Amino acid sequence: MSADAAIAGSAGHLLDVRDLRVTYRSNNGPVPAVRGVDMHIAAGETLGIAGESGCGKSTMAMALLKLVAPETTVTGQILLDGADVLTMKPGELRAVRWTKASVIFQGAQHVLNPVRKIGHQIDEAIVLHNTGGQHDQATRVGDLLALVGLPRRRAQDYPHELSGGQKQRVMIAMALACDPLLIIADEPTTALDVMVQAQILRLLTEIKHERGLSMLFITHDLSVLSSIADRLAVMYAGKIVEEGPAKGLLRGSHHPYTKALSAAFPTIGDPASRFAPSGLKGDPPDPSSLPTGCSFHPRCPVVTDACAAIDIQLKAPTADATWRAACVHVGGAA
Amino acid sequence: MNPLLTIEDIHVTYPPRRRGGGVSRAVDGVDLEVRAGEIVALVGESGCGKTTLARAVLGLQSTSAGTVRFDGSPIPTDAGGRKAFRRQAQLVFQDPSGSLNPRQSIYEIVAEGLRIHGINDGEPARVAEALSRCGLRPPERYFLRYPHELSGGQRQRVVIAGAMVLEPRLLVADEPVSSLDASVRGEILDLLLGLARHHQMGILVITHDLGLAWNIADRIAVMYLGRIVEVGRTEDLLADPRHPYTRALLSVVPEHRSLDEQILVGEAPDPTEIPTGCRFHPRCPVMHSNQAEHLGIFDRCRLVDPGLKSVANGSEGHQAACHAVEIRS
Chain A
1006 MSADAAIAGS AGHLLDVRDL RVTYRSNNGP VPAVRGVDMH IAAGETLGIA
1056 GESGCGKSTM AMALLKLVAP ETTVTGQILL DGADVLTMKP GELRAVRWTK
1106 ASVIFQGAQH VLNPVRKIGH QIDEAIVLHN TGGQHDQATR VGDLLALVGL
1156 PRRRAQDYPH ELSGGQKQRV MIAMALACDP LLIIADEPTT ALDVMVQAQI
1206 LRLLTEIKHE RGLSMLFITH DLSVLSSIAD RLAVMYAGKI VEEGPAKGLL
1256 RGSHHPYTKA LSAAFPTIGD PASRFAPSGL KGDPPDPSSL PTGCSFHPRC
1306 PVVTDACAAI DIQLKAPTAD ATWRAACVHV GGAA
Chain B
22 MNPLLTIEDI HVTYPPRRRG GGVSRAVDGV DLEVRAGEIV ALVGESGCGK
72 TTLARAVLGL QSTSAGTVRF DGSPIPTDAG GRKAFRRQAQ LVFQDPSGSL
122 NPRQSIYEIV AEGLRIHGIN DGEPARVAEA LSRCGLRPPE RYFLRYPHEL
172 SGGQRQRVVI AGAMVLEPRL LVADEPVSSL DASVRGEILD LLLGLARHHQ
222 MGILVITHDL GLAWNIADRI AVMYLGRIVE VGRTEDLLAD PRHPYTRALL
272 SVVPEHRSLD EQILVGEAPD PTEIPTGCRF HPRCPVMHSN QAEHLGIFDR
322 CRLVDPGLKS VANGSEGHQA ACHAVEIRS
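The listed protein sequences correspond, in order, to chains A and B. Reminder that position 318 of the first sequence reads as 1323 in the numbering used here, one-by-one numbering, no gaps. Reminder that position 274 of the second sequence reads as 295 in the numbering used here, one-by-one numbering, no gaps.
FYI, nobody ran anything at the bench for these hints, they're computed from the structure. In this text, all values refer to a predicted model and were calculated from it rather than measured experimentally. Careful: at least some of the hints might be erroneous.
On the chain A side, residues computed to face chain B include the following (Cβ under 10 angstroms) [stated by the list, open to error]:
| id | residue |
| --- | --- |
| 1 | 1018 |
| 2 | 1021 |
| 3 | 1227 |
| 4 | 1278 |
| 5 | 1295 |
All residues carry an ideal CB built from backbone N, CA and C; glycine is no exception.
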């Protein structure tokens, strides 16, 4: 896609986020968790968001449907299917949640109500949004369970009767209950075993293709995104520091943070990583006391004097305008 | 030379959780060795018995059969002997935030082991040495700090320093980086690698992460439902995996494309009901794809428990427990 096409196409995006900022209130003053994020997702596209704990990725994702605590301020523009989520009245917002975009929350075991049957919990979303008539609700729940690879009779089970992977499947069924256009998946495979993780990733990929769904897939595990995402954005300290095509970004990133993050997940068989684990010094920064300039500079292996002073904006390192990185070492493409 | 640690046919069973339930055979006959200066990765899904095995190795879990030898002799059973053994063999837990007392200074935390073992001479020097060995330098700067003042990576270094202060010869690390952020993993893995290389420590690292094994382990043992199903040098096992379970585990590693993705159905099975024959047969792709029938081993897989045997044309020490691997040789 050329730069012109990227701009011209923005009207056709299912989700278009501009300058999103989310600020928490705390006893020690405001905490900027998301600090100006621009992003978009086309119909049928999967955008992967990667980042470490505290980088603001989950906050950002929840803010898309305004699922934030009342005292939290959210500014910017979130155009979901053409309408701005941030200016919606509570009733409109309720209508949009689950029918336009739904969420697969992390930690299925804590999200499901332990004293209600699985079927009822899936049913709830359908009833609340009045999609589909009363008479076929049971069929609808059964269909959804079948869709996520669970036997229909599981509707009669309580959450504790299911394994971790099965609960995650129920979460996916709930997210699909009102035929949304966009699914926001927040660490949907974290805490699952590798084999179960692979099952869930395959299921999500199949459903996404079958239904032409768009997806925002959030994870701390960059390697997971290689199999599921079309495009990737890497967040650090509340900002996107690099974005681009998933495959390209994992193989040859431009931002030193992305490089470090992808090196942390070694390619098995690669002699370069054998007996040579790779990582960074220090921790991701605390959002309430961010470093000056580029917030990555205290941990950056290629830091320069300028980095503590200037906060570099995203720019295109190559002729590909869809690829952008925010680093002083990234030259703008000619 | 004797291996530092020798595990011989270890069994650990747990009693039924409810009346009428089956006995859980969490560890069901495991042999494994760890040499001085060697890192062995014990890999498997949750519930495969890897943490139980680790606890049994350290004498924290009683075994129902088998022997654990340290330096050639069985680990002592009397209280005094056990305490002396524990000085030599230390455990590092998963979550550094959970295993550090927030009200103790770093000095107190690291010195605790010394006090338990009644080592009074040169305490500050020993604590300083352990901290600097773990990369917290200069150590004096950390003495009076508290866990919350440190980064996640530094906290895990403190946990390891607390084990190191007793100058153990064996370290058992249970998922040492799984609760850490990706960018922080590297420094801890590097530390473990240095302890093995420069201090001749034997390390048994328990993990579900084959990438971690590739990063630091000399050898890998793959565990399934209480049993080691494949073991070998890291390069051999990952480049030429023989057991269908190992192959499946490797095939689902994202970005690992040398094997066709082989997603097993179902989840880790129940150690109270270990299948007959090969314990992996109900999930085995070789069984499901009719290959087993083709090879004429269908019934053997269902009825005969395969033992670990050296694989054909494999490197030394590469073993797998699979009828199909045997028949193909």
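Results for each hint:
{"no.": "1", "hint": "1018", "verdict": "violated, 27 angstroms"}
{"no.": "2", "hint": "1021", "verdict": "violated, 29 angstroms"}
{"no.": "3", "hint": "1227", "verdict": "holds, 7 angstroms"}
{"no.": "4", "hint": "1278", "verdict": "holds, 6 angstroms"}
{"no.": "5", "hint": "1295", "verdict": "violated, 15 angstroms"}
The structure is inconsistent with the numbered hints 1, 2, 5, although it conforms to all the rest.
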